[in-house]
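Asker: Knowing the structure of chain H, use the given hints to seat chain W on it.
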Amino acid sequence: MFGDMTPPARVAPQHHFVEHGGEVEVELEAEDEAGIFAAALDTFTELVAGNADGESMEIQIGLRGRDRTLLLVDWLNELLFHAEVEQFVPRHITAIELEDETLQATVVGYRGTPRPLVKGVALNRLAFEQEGGVWHGRVVFDV
Amino acid sequence: MQLDDTLWEIPAASRADMRVPARVFADRELLEAIAADRALEQLQNVATLPGIVDAALAMPDVHQGYGFPVGGVAATALPDGVVSPGGVGYDINCGVRLLALPLSAEELGAHCEPLVHEFSRAIPAGAGKHGPLRLPLDELDEVLRAGPRALLARGIGCEDDLVRTESGGCLPGAEPGAVSARAHERGCGQLGTAGSGNHFIELQRVDRVFDRTAADAFGLGEGQLTVLIHSGSRGLGHQVCTDHVRIMDAVQARYGIVLPDRQLACAPASSPEGRAYLAAMAAAANFAFANRQALAHAVREAIRRVLGPNAARATRQVYDVAHNVAKVEQHGGRDVLVHRKGATRAFPAGSVEIPGDFAHVGQPVFIPGSMGTSSYVLAGEPGSLERSFGTTCHGAGRTMSRTRARATIGGAELRRQLEAQGIVVRCPSNRGLSEEAPFAYKDVGHVVSIVERAGLARRVARLVPLGVVKG
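From first to last, the protein sequence lines stand for chains H and W.
Each residue of the first sequence is one higher than the last, beginning at 1 in the working numbering.
Each residue of the second sequence is one higher than the last, beginning at 1001 in the working numbering.
Extracted from the complex, chain W is given alone in its bound form:
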């Protein structure tokens, strides 16, 4: 059922177990693409969660995941609404950080390829324990408690970076003791590693500015160089999710919870199991913020080596936002736990959580496109608070399986095509490259146009790739 220009609803009455409607932000064309996989069925499953309020929401980049669809949003009423680790996902606080360099693409000139190459040397994908920053357990626990602030004493990042990070880079309530020994073991050598799959470090040029006031506030101008970093909490966060899905799978019957999908395993947020997960999830989220801080440090060091110390020193962080997280927020006059699974917080101008420099324009949001296409910088709009628990999309959204993408184009051929477009590619795996082929994703411009029409966020700038490093 179409509710308006960009919003569609599957009524709660369509299935006996749905507690609220399922709503999708899309136009007719995107909705048809979304309906091609199991994303809508998964969204309906989310609508069965105990304590869910208003509606289960899907952003226009939604696609099939496991449990929650990727691009799904659900808010549960506190204190007794549930928390579902699958509603955050394995890669807790997977997110993006944007850096703005003090020079233009024109000024970069012939240094483009050496710079991208230096990024690839400085940033390992992260197999095994061979990250650049192996911390002893007590220091790792400090990162879990405090996030990137714990790295400042090592000269990694600066106070301004923390201000320009969602929640200051530190979710409250983090308890290292709630993170298992196995998660610690997986995470202790992984700070400063990017991971694989759709994670990347991309050198970009600001191709077009749509909103001059907001772009000025974000420190972005046409022609300027930027670096977009996409990574998360690595093995530590993955293990936290694994551990707590299993715990909740075992106990949910005790709370009388019956679910249509085992991966939605959940418990009341106020229960011992719910509290333990939230404490561990916050710790993993802090680790992810710190990981992106370490990656940004590696990028700055690479800039220093190729372009000199002045360019490195003047490379500023625009902002850092989470894509996979559950946060306690106030919406509609009550406290709710907002699960964002492949979705971005997008608070509008005037929100107290936004850094002072951006308070008059809204929170920065970064929407990576597929490899070889544009990415967007957006700003949160008031409609996000009215319609989507302060949330917008997080990317283009897959439209083709990895299997089919691989069968459609070989990695070597894709590499040639991207390089023919003038994009420097560094990726050790042809298989990994082909799985992330641009045609495997929706048109990011189309996705962004929907959130703009829906009043969730507005376009500030468009970024085009000059080089990409993938794990």
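Just chain H, same shape as in the assembly:
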């Protein structure tokens, strides 16, 4: 017989900060892999966004990584780079395409005054995995 046929509840991309003695650790959750990248973007925006809201901007991000965890780190590093050199504060992803080792995305946001808080994205405690039909990610930011 078939098991429970109730479709799993939709899991909107979400993040929550967890206790970390020195840096900032965040857990991500989404119903698909792309959602983990969206949740990571939301986290980054929460960390760096200031009060100012400037002209709209759109950036293209293209990445290659040998596994999803490295792709996740590179994704955040890319956002960090644009925040630092272009003062870009991301709002959300308008398009994302994930292949085995590549990611292509369009991100919209605005030119603001991002807080220069995040120094780097560590490989420590890094995670990107599926469990119980839900995707989970974990990242530690050096701040």
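Because the hints were derived from the structure by calculation, they are not lab data.
Some hints here could point you the wrong way.
[As the list claims (entries may be wrong)] Some chain H residues close to chain W (C-beta under 7 Å, calculated; not the full set): (1) L47; (2) E84; (3) K119; (4) N124.
Beta carbons are placed, not taken as given, at the ideal position from N, Cα and C, and that holds for glycine.
Answerer: Chain W in isolation, oriented as in the chain H frame:
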């Protein structure tokens, strides 16, 4: 296992992959606080690094980091012991510089708030490319090669500042070509910016002198004003770490290296990858020394505007020390690469690396407390060479996560509390302020008492805050 009054050991046999013991400088009370997060597990991980000698060490301000704990020290035997970019951290040569003003807090009087305000106007946190000193690429490369000396021709700093900087402000072997284009791009507009997080510029008063001889040598007396600057290599250094952790993560299997934590990614110091990192790290360290020189220049200019040219001219640099760096040093009769991740070199009197004025008292060390509490000036002691590869602590050390600190007190309330203590606060972010609340850190006096009892450094003076500027 307790080895003595202030030293504890986790034996190498406690884990199959540890090559040396892990040792912690602490008393029982601090050890309990240290054991509350993952710092000890991370220290044990450090003890697995190929080529590590003697022990993986933790200072009393140690707390959980990523890869290495913050407050961790490891020396690897050269030439083939490893170098680990994570053992230095993203903020390469994050460090502190202390300036001594030629007047007392009493003489400053009502100028305190205007002076702190002027610091905040003169020193941007540094988002984007809007630092006060945007260098063309060739000049940036000269800073990477030579450190703050490259800024002297622009009237930023003086020869005496260089003498009073660890390693003269220039680590050998720096190669701008080893620094990626992306790191250059991040760094070219950031000289003279403080950054955010726990970085600050603090106006202080010398509250108490413990060692008159050393204080005289450092140019410090009770009541005197000082300015403590805490910053690092900004985006340039962060990118160097990012680049080289990734390179080593990809190649370490080639060297047969297996690690319990990916962030410890490393390669033999003598390998092409190891040499490339050391060349880039030295360049980023030189950039950080130059950044603090540019910040000190901005402080002097602010002093000139508020207190006049004589006060600015007579504001002298006490010293500048690195907290995050890997350096080739000789310990126990051999060359080792000492990784200091949130730890300070603390060479004793007589060491050849110490400037002549301090040679008889030991190297100055500055230990910032948490916001609103005291900071300490220490001097290196012989025990540091015997027990900790010439190293002591670097701060109070966090004891509470930023998340919990924020949940405990709002930034506006903390600002009110600090101002009620008579401390002028300039910080654009209430969130940033609450994350750095004093109760999120250990008691700096307690931490300092441990390094003094352990013979790593001794107290010279205590500094109390009058005003703080945070990014």
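Asker: Each of the hints needs a verdict: does it hold here or not?
Answerer: Structure-based check of each hint:
no.	hint	result
1	L47	9 Å, violated
2	E84	5 Å, holds
3	K119	4 Å, holds
4	N124	4 Å, holds
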